[in-house]
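A.B. asks: Residue numbers (my numbering), protein chains in the order written: chain X, 1 to 121; chain R, 1 to 121.
Derived from the structure by calculation, the hints contain no laboratory data. Check each hint, because a few of them may be wrong.
Any copy, or any two copies together, can satisfy a pair, since identical chains are not distinguished.
For lysine-lysine, the following BS3-like pairs were computed, each having C-alpha atoms within a straight-line distance of at most 30 angstroms [claimed, not checked]:
hint, residue 1, residue 2
1, 79, 56
2, 79, 52
3, 26, 79
4, 49, 109
5, 49, 72
6, 110, 40
All figures in this text were calculated on a predicted structure; none of them were measured in a lab.
Chain by chain, the residues run as shown.
2 protein chains.
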Amino acid sequence: MQDNLSQTFSALADPTRRAMLARLAKGEANVSDLAEPFLKDMSLPAITKHLKVLEKAGLITKSKEAQYRPCKLNGEALKTASDWMEQYRVFWEESFDRLDEYLKSVTAKKKAKGKKHGRKK
Amino acid sequence: MQDNLSQTFSALADPTRRAMLARLAKGEANVSDLAEPFLKDMSLPAITKHLKVLEKAGLITKSKEAQYRPCKLNGEALKTASDWMEQYRVFWEESFDRLDEYLKSVTAKKKAKGKKHGRKK
Numbered sequence: 001m002q003d004n005l006s007q008t009f010s011a012l013a014d015p016t017r018r019a020m021l022a023r024l025a026k027g028e029a030n031v032s033d034l035a036e037p038f039l040k041d042m043s044l045p046a047i048t049k050h051l052k053v054l055e056k057a058g059l060i061t062k063s064k065e066a067q068y069r070p071c072k073l074n075g076e077a078l079k080t081a082s083d084w085m086e087q088y089r090v091f092w093e094e095s096f097d098r099l100d101e102y103l104k105s106v107t108a109k110k111k112a113k114g115k116k117h118g119r120k121k
Numbered sequence: 001m002q003d004n005l006s007q008t009f010s011a012l013a014d015p016t017r018r019a020m021l022a023r024l025a026k027g028e029a030n031v032s033d034l035a036e037p038f039l040k041d042m043s044l045p046a047i048t049k050h051l052k053v054l055e056k057a058g059l060i061t062k063s064k065e066a067q068y069r070p071c072k073l074n075g076e077a078l079k080t081a082s083d084w085m086e087q088y089r090v091f092w093e094e095s096f097d098r099l100d101e102y103l104k105s106v107t108a109k110k111k112a113k114g115k116k117h118g119r120k121k
């Protein structure tokens, strides 16, 4: 059995499922609304399977109250995944710092070159 | 073929691979260093397969310079994934706001109850 974090990342590793989350970010929607944009490319069982993966990972919840059972996005599973990523922030900030340093050195070299050429005139 | 974001999330959807990233967060390491903690539970080919998944997803890079080819963590792929998550921040903050409101209302009710009991004395 997958641990929760693996289940969340696994559920996010699919463009259809991410598109479904993007739709739900705009507001609650029932299964037929969610299925509609994908029906030309895949079968309804394939679509409901994607929804089940999202539901099992806790990324969406199906309301049990209303008769048409709308789905809604559940942010907490995403928060857990985002918190996990946060511990690595230093690594991408470092790489951007390196890029920044590189760009600064390139600009400095260009300026120096510009001055040199200026002197020649 | 998987898109980049799906490849990143898919690579992160495994506790062994996340443990390897956690090891690399402490500093560069070669394959045998990375393999060592897992050798009691899995075969070396299984371990190198995990490393290949991480490498293919751009989460780690193998240095081509040194003879022992150390691996290092590459933060940029994680940044892309983290940026994607960031757009959903409002959803987990909302759910924490709701929890906060709930806790405040519970505390308020308890206080009110306490006062009521106080009056009875």
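A.B. asks: So, for every hint listed, does it hold in this structure?
C.D. replies: Status of the hints after comparison with the structure:
1. In this homomeric assembly, residue 79 and residue 56 come within 30 angstroms of each other (Cα to Cα) both inside a single copy, at 16 angstroms, and across copies, at 26 angstroms.
2. Both within a single protomer and between protomers do residue 79 and residue 52 lie at most 30 angstroms apart by alpha-carbon distance, with minima of 20 angstroms and 28 angstroms respectively.
3. In this homomeric assembly, residue 26 and residue 79 come within 30 angstroms of each other (Cα to Cα) both inside a single copy, at 18 angstroms, and across copies, at 24 angstroms.
4. Neither within a single protomer nor between protomers do residue 49 and residue 109 lie at most 30 angstroms apart by alpha-carbon distance, with minima of 56 angstroms and 43 angstroms respectively.
5. Proximity of residue 49 to residue 72 under the C-alpha cut-off of 30 angstroms is restricted to the intra-copy arrangement: shortest distance 16 angstroms within a copy versus 37 angstroms between copies.
6. Neither within a single protomer nor between protomers do residue 110 and residue 40 lie at most 30 angstroms apart by alpha-carbon distance, with minima of 53 angstroms and 55 angstroms respectively.
When held up to the earlier numbered hints, the structure conflicts with 4, 6 and fits the remainder.
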